Every structure is written in structure tokens, then in C-alpha cells.
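Asks: Below are the chains, spelled out letter by letter.
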Amino acid sequence: MGRARDIRLAYVLLAPALLLLVTALAYPIGWELWTSLTDLSPLNDGPTAFVGLENYRRLATDPTFWRAAIVTVVFAAVTCAVKLALGLGLALLLARPFRGRALVFMAIFLPWAYPASVSVIGWYWTLSPPIPTAYSPFMGSLKYAVDSALGGGAWAFLSVTLFNIWRGSSFVGVFLLAGINAIPPELFECAALESKSAWRRFWLVTVPLLKPFLALAVFLALTTAFADLANVWMLTAGRIVYPVIGTHAYWLAIHGGQFGPASALSLTLAPFLIAVLFLLFRMFDPPEREAV
Amino acid sequence: MAQVMMKDLNKKYDEVHAVKDVNLHIRDKEFIVLVGPSGCGKSTTLRMVAGLEEITAGEITIGDRVVNDLPPKDRDIAMVFQNYALYPHMTVYDNMAFGLKMRKFPKPEIAKRVGDAAEILGIQELLKRKPRQLSGGQRQRVAVGRAIVRHPQVFLFDEPLSNLDAKLRVQMRVELKRLHERLETTAIYVTHDQVEAMTLGDRVVVMKDGWIQQVGEPLELYGKPANRFVAGFIGSPSMNFVDVTVADAGGALWVETAGLRVKVPPASAGRLGAYKTQQVTLGIRPEDLRVASGTDSADYSFDTVVEVVEPLGSEILLDLKAGPNGIVARVDPTVRVKHGDKMRLSLHPERVHFFDKKTELAI
Numbered sequence: 001m002g003r004a005r006d007i008r009l010a011y012v013l014l015a016p017a018l019l020l021l022v023t024a025l026a027y028p029i030g031w032e033l034w035t036s037l038t039d040l041s042p043l044n045d046g047p048t049a050f051v052g053l054e055n056y057r058r059l060a061t062d063p064t065f066w067r068a069a070i071v072t073v074v075f076a077a078v079t080c081a082v083k084l085a086l087g088l089g090l091a092l093l094l095a096r097p098f099r100g101r102a103l104v105f106m107a108i109f110l111p112w113a114y115p116a117s118v119s120v121i122g123w124y125w126t127l128s129p130p131i132p133t134a135y136s137p138f139m140g141s142l143k144y145a146v147d148s149a150l151g152g153g154a155w156a157f158l159s160v161t162l163f164n165i166w167r168g169s170s171f172v173g174v175f176l177l178a179g180i181n182a183i184p185p186e187l188f189e190c191a192a193l194e195s196k197s198a199w200r201r202f203w204l205v206t207v208p209l210l211k212p213f214l215a216l217a218v219f220l221a222l223t224t225a226f227a228d229l230a231n232v233w234m235l236t237a238g239r240i241v242y243p244v245i246g247t248h249a250y251w252l253a254i255h256g257g258q259f260g261p262a263s264a265l266s267l268t269l270a271p272f273l274i275a276v277l278f279l280l281f282r283m284f285d286p287p288e289r290e291a292v
Numbered sequence: 001m002a003q004v005m006m007k008d009l010n011k012k013y014d015e016v017h018a019v020k021d022v023n024l025h026i027r028d029k030e031f032i033v034l035v036g037p038s039g040c041g042k043s044t045t046l047r048m049v050a051g052l053e054e055i056t057a058g059e060i061t062i063g064d065r066v067v068n069d070l071p072p073k074d075r076d077i078a079m080v081f082q083n084y085a086l087y088p089h090m091t092v093y094d095n096m097a098f099g100l101k102m103r104k105f106p107k108p109e110i111a112k113r114v115g116d117a118a119e120i121l122g123i124q125e126l127l128k129r130k131p132r133q134l135s136g137g138q139r140q141r142v143a144v145g146r147a148i149v150r151h152p153q154v155f156l157f158d159e160p161l162s163n164l165d166a167k168l169r170v171q172m173r174v175e176l177k178r179l180h181e182r183l184e185t186t187a188i189y190v191t192h193d194q195v196e197a198m199t200l201g202d203r204v205v206v207m208k209d210g211w212i213q214q215v216g217e218p219l220e221l222y223g224k225p226a227n228r229f230v231a232g233f234i235g236s237p238s239m240n241f242v243d244v245t246v247a248d249a250g251g252a253l254w255v256e257t258a259g260l261r262v263k264v265p266p267a268s269a270g271r272l273g274a275y276k277t278q279q280v281t282l283g284i285r286p287e288d289l290r291v292a293s294g295t296d297s298a299d300y301s302f303d304t305v306v307e308v309v310e311p312l313g314s315e316i317l318l319d320l321k322a323g324p325n326g327i328v329a330r331v332d333p334t335v336r337v338k339h340g341d342k343m344r345l346s347l348h349p350e351r352v353h354f355f356d357k358k359t360e361l362a363i
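Each protein sequence line maps, in turn, to chains Y and C. My numbering numbers the first residue of the first sequence as 1 and each following residue consecutively. My numbering numbers the first residue of the second sequence as 1 and each following residue consecutively.
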């Protein structure tokens, strides 16, 4: 009797969270999955038809898709690696006490704390000065040099990457600093008793101890990079030469009215992302045998 | 094996002067315990020996080397931390082998040393486990094992038993003592627990506010405390302190206050002569009081009223009032009294302590 009531109560208590999950996550994802299997479009006059995997099939043969997919993966991987390295460096610097640490902490945290939409415009204006200034010829020739060396749009892609790293490193740094602070200092002290080499201590002690935090940082860095649509859009003023999956899907859906293919497109990288996240989650919370 | 010397050792943080002019000579193979309330500077002193804290002033010598500017790794010490500081991502074996691996010992040598240490500590079965799969006592053993595989010149223990439950603490205390007798390595042990200090230490260093209060063998600290602080810190329940006035009556010295008047024992009379008509602090340990019988001298007896009775089984603790003065006495478990009973107590004249009221030093 009591147990049945406990179970019922548990569901009642879970209900708000479940409701939120269903309305905010499950329903949109379900809708998107369904849409990706149809030819849903505001431009269609007739009823929406179920087309099966047609949208996906067409993507597989579309060179634009493959280019966007590669750009997205490279973008995510590169930014993620750099953000992790920079963020970890910042965190390690901030972990030891020094005069003025609070100020440095604020300076490091600022890129993340500042609204992205505002800072992205700041970056845009810096890289492409809207009015002639002393350095606009310099910026112009830099852009020209980069583009002619690496191909048209390289400058734009580079600026997006830099912006993502600039903003993301700040977050990763603060996040990993919290991780370092959560580790009992004795574990580092104990290592100091055994080795003089900071480099060895870093690899043998700091990195393994930080592993859950590093995994979570990669997790967050990857997901934000994959989902980065707004910043790419704003920083390139919509003139996208190197589309990522997000911008390409946005273009297809909003400008092209092709909801079906756009949904399919935005879902293509999902299995890859889920696999990576699963691996990271294993690192983040490894299943271990219980104490005997 | 080595002696450790601390000379005029000082540690200052921005605002706090944590360790003040500590001078200590720890002999080879000695087990020395630093004890005191939290914030007394005992851990800071230990951490300066380890090299985890910089020395503000003074000198530390281990063996025949001044180690002030040596990094921790080169001091040839091993430390056991209060929370064990085991690496959660390594097995017990790897945790114990860590220091040796860092020092690039050959693998067979590492295996042998870890095996030996595991055998001494009875943890051979646990070598493949991760720390999280161990109980508190087992983790403690691994932490000790990690220290002994290194065969260091000095062991440093920073409150290693504080995270264990009371029963396990007593058991590990005995094991540590046995281990020290077996390994014969100099050990510096920090604790806030005076029982641990008394039972483990060849000598005990009592610290307060960064100063050394007294250094001595356990029974010396108990029997001849240098000042009121040491007298109150060593022994449980603590020594009773009563402020009394020294008076000369009929050629003999007495100390008196409301509700209490006892003769100054002959052994102390000489030194107390200088305090005539002045106030001093009388100190009596609860175990040096007993229920007065007919044969006890009236000179060393006084009347009390029972306030609280705490039967502990092997003994009874009585909270009493002698006039306005609170007194704790430790009496035989056969004594039957209850709240409000009147009781005459007699003190052990050779075990009475007197302290200067101002300097708090023993008289």
C-alpha cells in the first residue's frame, strides 16, 4: 500500500520536469524528425506528403551538404581543441594565488559574461571597419591577403573561428578553474612531494583528476560549436561563403521554404554528435564496480 | 634515518604570524608529536618541514642538510595527509607505487617494495582496487603504505587519524606505534587530540598561538606542566583550576577562597612563599581527588555539593561545587551519590599544581 503511494507520489513530483522535457525537447525533436520525412513547405499548395528518406537521399548526393558538414566538423574540432588548451592554461594560471587575481579573473570571464550579440558586432566592426579609420586599410589588406592565400571566404571563416575561441576559452577557463578548485589541494601537494617536474605532475595528476571536467568542457564546447548559427550569421553579415550545417539549414528553411530538407539537414550530424557525447559521458561518469 | 632541527623557525602570512621562534631538535628515530588546538601553528610547522610552505625566517635541517631552499621532492620525506590524498584514478598499487615511479625506480624494485609494504599493513588483497572501493580504515592504510614504500628519512603525519571513527582511531593508533617501532624512522606527527599525542609520542610538543609551550615526554607533560595551558590541555577531563589567595596561618602556608581552604603541601611551600597575600591559580586533576575518608588529613580536604553525576562504567565523573567553584572529580564506580548530595573531597598533596596568575607559568 505504502509503496504504491510512494511511487504515485514520485511521479507527481516528477511531473513538472517531465512536462518541461516533453514540451521543450521531446515535442520539437519529434516534430523535426517527422518533418524531415515529409516535403513540408509553406510554398506547397497541396497537402504535405510523406516522402520517406528522400530528403536524406538527396543530401547524400549534394556537394553543398558535404562541404557544410566538413566545415562544421572542422570548425567544431578546431575550436574545441583550441578552447580546451587555452581554457586549461587560463584555469591553471588562475588556480594559484597572486596579487590582482580577482581583476584577471574578471578580465578572463568578461568575453563569456558579455552578451554574444553585442560582442559579435564589436568583432565585426573591428575586422571590417564600417567607417574609414586609420587601420581600415590594414584590415582590408589583411583580409585580402588571407583570402588570396587560403581561398575566398577564408577570412570570414577565420574570424568566426577566432570569435568562437575567444568567447569559448573564457567559459572553458572559468569552468575548469571550478574543477581545479573542487580537487582537494592535498592531491597536488602530494604530487609535489614526489616530483619536481610540473610537466609530469600535470599529465599524471592534474589531467586525470580533471578528466570529468575536461570531458564536460569538450561536451559543452562541441555542442555550442555545432549549434553556432547566430554568431556565424552575424559575424559574416549573412554573406556565408563557408556555410556550416546550422546556417545552411537556416538558409534552406527560412529563405528557401524547404522545411523538410532543412530538417533532414539539421539532423544529419545528430548521430555523430550523440556518439561523441556518449563517449564523453563515459569519461565524465565512468561506470565502476561498487565496493565489495 | 635522520634528525630534524628547527632553528628560530617563523612563518608569517600577510596578517597572521602563524609560527613563532620555534626551536626543536628531533632526534634520529624519534616519534615526536606536535599537538595543540586548531590554529596553533602545528600543521604549518609540519608543512614547512615538508616544503609545502615557505619558511619566513629560520632554518630547518634534515639529516645534515639545510632544506630551506630544497624542493619538497628532494627532502627525502614522506607525508600522510588527513584526507589520505589518494589518487581516485589509480589503483591501490599505483597509488603506492606513484612516488617510486616518479623517481624512476626499476619496476621489480617497485613491485617488491609495494608488496612488502602491503604485507606489513595487511592490504595485499586490495592492491587492484580503486580508493573509492575502500573503507576509511583501508584508505588510511594505503596512505601509510604509500609513505613507507619510499623508505624516507622522515615520516610526516598531518592528523592522519582524524577522519576515522573513534574505534578505528584507537586501533590505527596502536598500528602506527607498532609500525614505528618496526621501521625505526624519525616521525613528526601532528594532531589536535591529546590522547593520540600522549600515546604515540616519544616526546610531545605542545603548541599554542604559534609558540611552543612545552616539549617533553608524555608523563613529564602530565606530571609537570610548564604552564596553565599545558596543564589544561593534557589530561581528560581537564585539570580543575581555582583562583586562590596565599595566606600565612600559624607558620604554615594555606591557599583559600570562598568554599575552599587547603594547606600548601610542603613540596610547594618554598616556592609559594613569595606569593604571600597574592592570588595564584590552584590546579588539581580530577583523578587526584577522592572521596575523603576518616584517615585523610583535614588539611587537604574540603566540602562540596554534587551537581551532575556522569557514570562511565569504569569510573564516575562528578561535577561538584566547592562554594562557588566548579570542580570535576573522577571517583570509584562504587561511589553512590546523586544531585544535591553533600560530599567531602580530599586531594593528593603531592599532585597539586600552582600557577602564577599573570604569567600562567607553573610555580
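Wrong hints could be hidden among the right ones.
Below, a list of computed lysine to any residue pairs in the SDA-like style, where the Cα atoms sit at most 20 Å apart [claimed, not checked]:
{"id": "1", "chain 1": "Y", "residue 1": "K196", "chain 2": "C", "residue 2": "E53"}
{"id": "2", "chain 1": "C", "residue 1": "K101", "chain 2": "Y", "residue 2": "P208"}
{"id": "3", "chain 1": "C", "residue 1": "K101", "chain 2": "Y", "residue 2": "S195"}
{"id": "4", "chain 1": "Y", "residue 1": "K211", "chain 2": "Y", "residue 2": "T223"}
{"id": "5", "chain 1": "Y", "residue 1": "K196", "chain 2": "C", "residue 2": "H151"}
{"id": "6", "chain 1": "C", "residue 1": "K130", "chain 2": "Y", "residue 2": "V207"}
{"id": "7", "chain 1": "C", "residue 1": "K104", "chain 2": "Y", "residue 2": "A192"}
{"id": "8", "chain 1": "Y", "residue 1": "K196", "chain 2": "C", "residue 2": "K12"}
{"id": "9", "chain 1": "C", "residue 1": "K263", "chain 2": "C", "residue 2": "S301"}
{"id": "10", "chain 1": "C", "residue 1": "K167", "chain 2": "C", "residue 2": "H192"}
{"id": "11", "chain 1": "C", "residue 1": "K73", "chain 2": "Y", "residue 2": "F188"}
{"id": "12", "chain 1": "C", "residue 1": "K12", "chain 2": "Y", "residue 2": "F98"}
{"id": "13", "chain 1": "C", "residue 1": "K321", "chain 2": "C", "residue 2": "V305"}
{"id": "14", "chain 1": "Y", "residue 1": "K211", "chain 2": "C", "residue 2": "R182"}
{"id": "15", "chain 1": "C", "residue 1": "K224", "chain 2": "C", "residue 2": "A269"}
{"id": "16", "chain 1": "C", "residue 1": "K73", "chain 2": "Y", "residue 2": "F98"}
{"id": "17", "chain 1": "C", "residue 1": "K73", "chain 2": "Y", "residue 2": "E189"}
{"id": "18", "chain 1": "C", "residue 1": "K29", "chain 2": "C", "residue 2": "Q279"}
{"id": "19", "chain 1": "C", "residue 1": "K104", "chain 2": "C", "residue 2": "Q153"}
{"id": "20", "chain 1": "C", "residue 1": "K357", "chain 2": "C", "residue 2": "K167"}
{"id": "21", "chain 1": "C", "residue 1": "K128", "chain 2": "Y", "residue 2": "K196"}
{"id": "22", "chain 1": "C", "residue 1": "K7", "chain 2": "C", "residue 2": "I55"}
{"id": "23", "chain 1": "C", "residue 1": "K12", "chain 2": "Y", "residue 2": "P97"}
{"id": "24", "chain 1": "C", "residue 1": "K29", "chain 2": "C", "residue 2": "D202"}
{"id": "25", "chain 1": "C", "residue 1": "K208", "chain 2": "C", "residue 2": "G58"}
{"id": "26", "chain 1": "C", "residue 1": "K342", "chain 2": "C", "residue 2": "A269"}
{"id": "27", "chain 1": "C", "residue 1": "K73", "chain 2": "Y", "residue 2": "L187"}
{"id": "28", "chain 1": "C", "residue 1": "K73", "chain 2": "Y", "residue 2": "T223"}
{"id": "29", "chain 1": "C", "residue 1": "K208", "chain 2": "C", "residue 2": "K73"}
{"id": "30", "chain 1": "C", "residue 1": "K101", "chain 2": "Y", "residue 2": "L187"}
{"id": "31", "chain 1": "C", "residue 1": "K107", "chain 2": "Y", "residue 2": "L204"}
{"id": "32", "chain 1": "C", "residue 1": "K73", "chain 2": "Y", "residue 2": "S197"}
{"id": "33", "chain 1": "C", "residue 1": "K338", "chain 2": "C", "residue 2": "P349"}
{"id": "34", "chain 1": "C", "residue 1": "K357", "chain 2": "C", "residue 2": "R271"}
{"id": "35", "chain 1": "C", "residue 1": "K263", "chain 2": "C", "residue 2": "F241"}
{"id": "36", "chain 1": "Y", "residue 1": "K196", "chain 2": "C", "residue 2": "K101"}
{"id": "37", "chain 1": "Y", "residue 1": "K211", "chain 2": "C", "residue 2": "H151"}
{"id": "38", "chain 1": "C", "residue 1": "K342", "chain 2": "C", "residue 2": "V305"}
{"id": "39", "chain 1": "Y", "residue 1": "K211", "chain 2": "C", "residue 2": "P88"}
{"id": "40", "chain 1": "C", "residue 1": "K12", "chain 2": "C", "residue 2": "R47"}
Bear in mind the hints are in silico, worked out from the structure with no lab data behind them. Quick caveat: nothing in here was measured; it's all calculated off a predicted structure.
Asks: If a hint holds in the structure, say so; if it does not, say that too.
Replies: The hints, checked one at a time:
{"no.": "1", "hint": "Y:K196 x C:E53", "in the structure": "holds, 15 Å"}
{"no.": "2", "hint": "C:K101 x Y:P208", "in the structure": "holds, 16 Å"}
{"no.": "3", "hint": "C:K101 x Y:S195", "in the structure": "holds, 10 Å"}
{"no.": "4", "hint": "Y:K211 x Y:T223", "in the structure": "holds, 18 Å"}
{"no.": "5", "hint": "Y:K196 x C:H151", "in the structure": "holds, 19 Å"}
{"no.": "6", "hint": "C:K130 x Y:V207", "in the structure": "holds, 18 Å"}
{"no.": "7", "hint": "C:K104 x Y:A192", "in the structure": "holds, 15 Å"}
{"no.": "8", "hint": "Y:K196 x C:K12", "in the structure": "violated, 25 Å"}
{"no.": "9", "hint": "C:K263 x C:S301", "in the structure": "holds, 9 Å"}
{"no.": "10", "hint": "C:K167 x C:H192", "in the structure": "holds, 17 Å"}
{"no.": "11", "hint": "C:K73 x Y:F188", "in the structure": "holds, 13 Å"}
{"no.": "12", "hint": "C:K12 x Y:F98", "in the structure": "holds, 17 Å"}
{"no.": "13", "hint": "C:K321 x C:V305", "in the structure": "holds, 5 Å"}
{"no.": "14", "hint": "Y:K211 x C:R182", "in the structure": "violated, 40 Å"}
{"no.": "15", "hint": "C:K224 x C:A269", "in the structure": "holds, 16 Å"}
{"no.": "16", "hint": "C:K73 x Y:F98", "in the structure": "violated, 24 Å"}
{"no.": "17", "hint": "C:K73 x Y:E189", "in the structure": "holds, 10 Å"}
{"no.": "18", "hint": "C:K29 x C:Q279", "in the structure": "violated, 44 Å"}
{"no.": "19", "hint": "C:K104 x C:Q153", "in the structure": "holds, 19 Å"}
{"no.": "20", "hint": "C:K357 x C:K167", "in the structure": "violated, 39 Å"}
{"no.": "21", "hint": "C:K128 x Y:K196", "in the structure": "violated, 27 Å"}
{"no.": "22", "hint": "C:K7 x C:I55", "in the structure": "holds, 11 Å"}
{"no.": "23", "hint": "C:K12 x Y:P97", "in the structure": "holds, 16 Å"}
{"no.": "24", "hint": "C:K29 x C:D202", "in the structure": "holds, 10 Å"}
{"no.": "25", "hint": "C:K208 x C:G58", "in the structure": "holds, 19 Å"}
{"no.": "26", "hint": "C:K342 x C:A269", "in the structure": "violated, 30 Å"}
{"no.": "27", "hint": "C:K73 x Y:L187", "in the structure": "holds, 14 Å"}
{"no.": "28", "hint": "C:K73 x Y:T223", "in the structure": "violated, 42 Å"}
{"no.": "29", "hint": "C:K208 x C:K73", "in the structure": "violated, 29 Å"}
{"no.": "30", "hint": "C:K101 x Y:L187", "in the structure": "holds, 16 Å"}
{"no.": "31", "hint": "C:K107 x Y:L204", "in the structure": "holds, 17 Å"}
{"no.": "32", "hint": "C:K73 x Y:S197", "in the structure": "holds, 10 Å"}
{"no.": "33", "hint": "C:K338 x C:P349", "in the structure": "violated, 27 Å"}
{"no.": "34", "hint": "C:K357 x C:R271", "in the structure": "holds, 14 Å"}
{"no.": "35", "hint": "C:K263 x C:F241", "in the structure": "holds, 16 Å"}
{"no.": "36", "hint": "Y:K196 x C:K101", "in the structure": "holds, 13 Å"}
{"no.": "37", "hint": "Y:K211 x C:H151", "in the structure": "violated, 32 Å"}
{"no.": "38", "hint": "C:K342 x C:V305", "in the structure": "holds, 5 Å"}
{"no.": "39", "hint": "Y:K211 x C:P88", "in the structure": "holds, 11 Å"}
{"no.": "40", "hint": "C:K12 x C:R47", "in the structure": "holds, 13 Å"}
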